[in-house]
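> Residue numbers (the working numbering), protein chains in the order written: chain A, 319 to 917; chain B, 316 to 701.
Any given hint could turn out to be false.
To be verified - Computed footprint of chain A on chain B; a stretch qualifies when at least three of its residues, placed anywhere within it, have a C-beta under 8 Å from a C-beta of chain A:
| hint | region |
| --- | --- |
| 1 | 350-360 |
| 2 | 392-405 |
| 3 | 421-428 |
| 4 | 435-444 |
To be verified - Each computed BS3-like pair below joins lysine-lysine, with the alpha-carbon atoms no more than 30 Å apart:
| hint | chain 1 | residue 1 | chain 2 | residue 2 |
| --- | --- | --- | --- | --- |
| 5 | B | K553 | A | K633 |
| 6 | B | K550 | A | K898 |
| 7 | A | K529 | A | K553 |
| 8 | A | K633 | B | K550 |
Think of the hints as simulated: they come from the structure by calculation, not from any bench.
Just so you know, even glycine gets a beta-carbon here, dropped at the ideal spot from N, CA and C.
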Amino acid sequence: MSHKFQVHLSGLINLLSNHLYSGPEVFVRELLQNGVDAIRARQFKEPQFTGKMSLELSTPVKGVPTITFMDNGVGLTEDEVHRFLAIIGESSKRAETGERPTDFIGQFGIGLLSCFLVSDEIVVVSRSITGTPAVEWRGKPDGTYQLKTLDADLAAGTQSIGSCKSECEEFFDAERLTELAKHYGGLLPFPITVVSKKGSDTVNTDELPWKEKASQPRTRQKNWMKFGEELFGMKFLDAVPLISQAGEAEGLAFVLPHSPSLSAKRSDRVYLKRMLLSESADKLLPDWAFFVKAVVNANDLRPTASRESFYEDQKLEQTREELGECLRRYLVDLSRNQPEKFRKLLGVHQLAIEALAVADDDCFRLFIEWLPFETAEGRMTLPEYLERHDVVRYIPDLDQFRQIARIAAAQDIGVINGGYVYSTELLEKFAELNADVQVTLVESSELVHALEDLTEGEQDVADDFLQTAEAALRSYRCAVDLRKFQPSELTSLFSINSEGRFLRSLEQSQESADSMWSGVLNNLVGAQSAASSRATLCFNQANPLIQKLVALGKQPTVHPAVQMLYVQALLMAHQPLSSKEWKLFNEGLLTFVESGLTS
Amino acid sequence: MSDERNDDPRAAVDELMEQAYEFDYGTTQIALIEEAVRMADLSGDTELAFGIRQELIDAATMGGRPDLALVSFTWCLAQYDKNPIAFNTHNMLWKYKWILASLAEFPQLTREQIDAAANDMENRTVNEGFTRHAVETMRWKLAMDLGDHEEMQLAYERMRKTRRDSLSDCKACVQNCAAEHYVLLGKPKFALRAADPIIGGRMSCSEIPELTYGTILRPLFQLDRLDDAMAMYVKGYKLVAKNPEFIDTVAEHMQFLVMTDNDSKALQLISKHLPVALATPSLLKRMKFIFATVQAFLSFESKRKDSVKLRLPPKTPFTRADGVYPVGELRQEFAAAARELATAFDARNGNSYYVDYLVKLPESLAHIKPLPVPTQKRKSTENDEE
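All chains, full assembly: derive it from the sequences and hints.
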């Protein structure tokens, strides 16, 4: 008797192999999955029942190699075969009373379908524990199948037989098959045996590595580390047990020996009911946990249709939170009880720890005293910084910090670089939680005011120079100042705040904009802020060249010299020049070349 | 983390952009891309400078700096007009939408300027063979911000009669605006119906549902669906709390807290978000936040609360070191600031929409419906840390 599938099968297989699944090798996973489901269904009725599965590879000298997968599970009646194999997608065991929907993750029909990835014909022989006659089902990828009952008195269970399709020979190889069975089923609680000409090989043990009951914590830790190294092929810094009630998840997180890129996707190895689900799960741990690689088994999470990751729902969210909590506790515990180890970890994973501190107040309080910041006087922690300075000043911009750091350090002014990934956020949080410490964001221009003023006598002498300099830079909206600071080889310090930079870029846009947009930009800044100066060039009275210029006062050479120093300062501060400034630069250069030639 | 910045401007651009992508939308990301733009300019490579500015337009638009997006955009548009073949037209017009829609947020700009920009975009889209769907959507959004309900309804109709194309806003965005449209018209049931596909999780995009959870607080509240509204607050507030771009949505959540008698929560929000609200270049969003702040203080006053403790940004003229403020004084300060902004907007918009709103704010307090915010059952380690 011939029946018809109710879907376009070849299209579906194409879909499966190209889109849904990662590769043909998933047929092993799907077979194991069907076996696990069948055994669990049987155990539901016979709690003491011991399940087992086998994969038998037959490679006849003549003829096509076949794989026979066997389980001693609940088996199928003729009726069930029609239902589950004819209507793809119907789950075999869902409706049973008392079972949660996630008890049987397999969808027998769909699972079996994946065998068409490696085989042109599939034969299923099954006998139900209800004692009904055994049945044989033969399916073809064109969507037809045949079903007959068998007289033979078979033991309950199911066999699925596939024969090698051309270009799938690699999977009909004992070594590869063992490897795949171990890969997907290595943590399954029922023994899986791979049988071939080479003999028979059980690929798994009943024990879960993180459940190990070794009496000595040290031994346990050592075994965990060994397990991690074998599993992931890398030596980790530490192993941390993970546990979550929500998804009934348990496992181990291994602390990576190197600092991963912030944008690297996390890839954890996750099992669902002890069957490998994915080697590159990215949703099971919180984002900040990028310093570990985890292996986790979950019993109560929902897999996606491809069964290669978890479905994003509330349970997953809660699981993620609880697993994150394990890591958080680990770090907290380490920082309190094993400071040396924590310091070592910090050396490699500072970013991760900072990310966690930023996101979590409790962690922040614990970790902040450990975290080094870049200051004008070198790397130090906040407590170290606060021993030297009363006020926490930080510049949120790396470039501005670079400009000012040397000068600030030479004058004993404390400044922290807030330009690194989490620095500013950490400092702002520090301010939020420590009302007694003053934390201020400073622009480099504000720090200029902290530099040493001239004496009244020096001020009088410098008046002419300052007036000339001011006139030379007025149309560039740059204010001038004259102070004394170290190191004396610096002629000047150019400082521009964020508003000034914004206005510079606005002018840059205005240079090329049409009249409509130019008008819009004009209105945007408003008359007032457009007229005010947006940068300061602070000359260094301690510098010999500046001393000469100051002495020249109102002499005609001062004007172009100041302008050239201005352009130089702009370039050193990485400010792109406007067309006006380029012109200044070119003209100034020519003037100086000419005066050099004529003198 | 790398300590040395590369001296080659192109390499520095790469490095900065790589860092920038690590961040969510917001201030830090913008600062990094701004610097990358300067480096790209220094490299003298116009195409690179154009490309990085396009990134800056994205980051600034999504991160609460519409002024910076505008400045970057005008530069790009000028380059594009100089050499249209060198740059992608669709991209340019796509960003044009964002910029156009943001113009109403600046009261400094005249209505003529806004209309001229809309017409300019319309000409460009039509010339390039696109339908007017995108530009009419933007006119619709602009009319909402301009407090012009008549034009808002007209633009909505025009948009709905126009065929969508690849330049159109995504369906989730349009749907969210439709919800807002009906909120503004005082039709809560219509608003909820419009929001339904978003709340049901069937539509989303980079800013949706973040915005929508805030939008539907008011209609849910009006229809006495307080529990549902509270669920939206719980879900939605944390999604918008970090990005300055969403400061007006934060204001909607704050209003909801005031209207449900959650005063201490509302105070927390004021302390937390006021610095951002006072710094945002979008004066429209700033005003909306200040409106909500005024509403909170009015509510405290009506309950005879004399003083409140909160953390104001360090640089406002009335900031006090001890953080304790007489409620009446604060209410006056903020009401004055609100009125100043509302007057500026109304003058530009040619109506009295925002001042009217401000005047009617005290009336809203008659409709407070208390419902406490559920306490979060976070499994904190705070306890075992003692």
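> All the hints need checking, so say for each whether the structure fits it.
Now for the hints, and whether the structure bears them out:
1. For a cut-off of 8 Å, the count of residues in the region 350-360 of chain B with a CB near a CB of chain A stands at 6, and the three-residue condition holds.
2. Evaluation of the coverage hint for the region 392-405 of chain B: fulfilled, as 5 residues show C-beta separations to chain A shorter than 8 Å, against a requirement of three.
3. Counting residues of the region 421-428 of chain B whose CB lies closer than 8 Å to any CB of chain A gives 5, which reaches the minimum of 3, so the coverage claim holds.
4. With 1 residues having a Cβ less than 8 Å from any Cβ of chain A, the region 435-444 of chain B misses the three-residue criterion, and the hint is violated.
5. For the hint pairing K553 (chain B) with K633 (chain A), the CA-to-CA distance comes to about 19 Å; that is within 30 Å, so the pair holds.
6. With a C-alpha separation of about 52 Å, the suggested pairing of K550 (chain B) with K898 (chain A) is violated against the 30 Å cut-off.
7. Only pairs whose Cα atoms come within 30 Å are accepted, and K529 (chain A) paired with K553 (chain A) is accepted, the gap being roughly 21 Å.
8. Distance hint between K633 (chain A) and K550 (chain B) is fulfilled; the C-alpha atoms sit about 16 Å from each other, no more than 30 Å.
Of the hints listed earlier, those the structure fails to meet are numbers 4, 6, in rising order.
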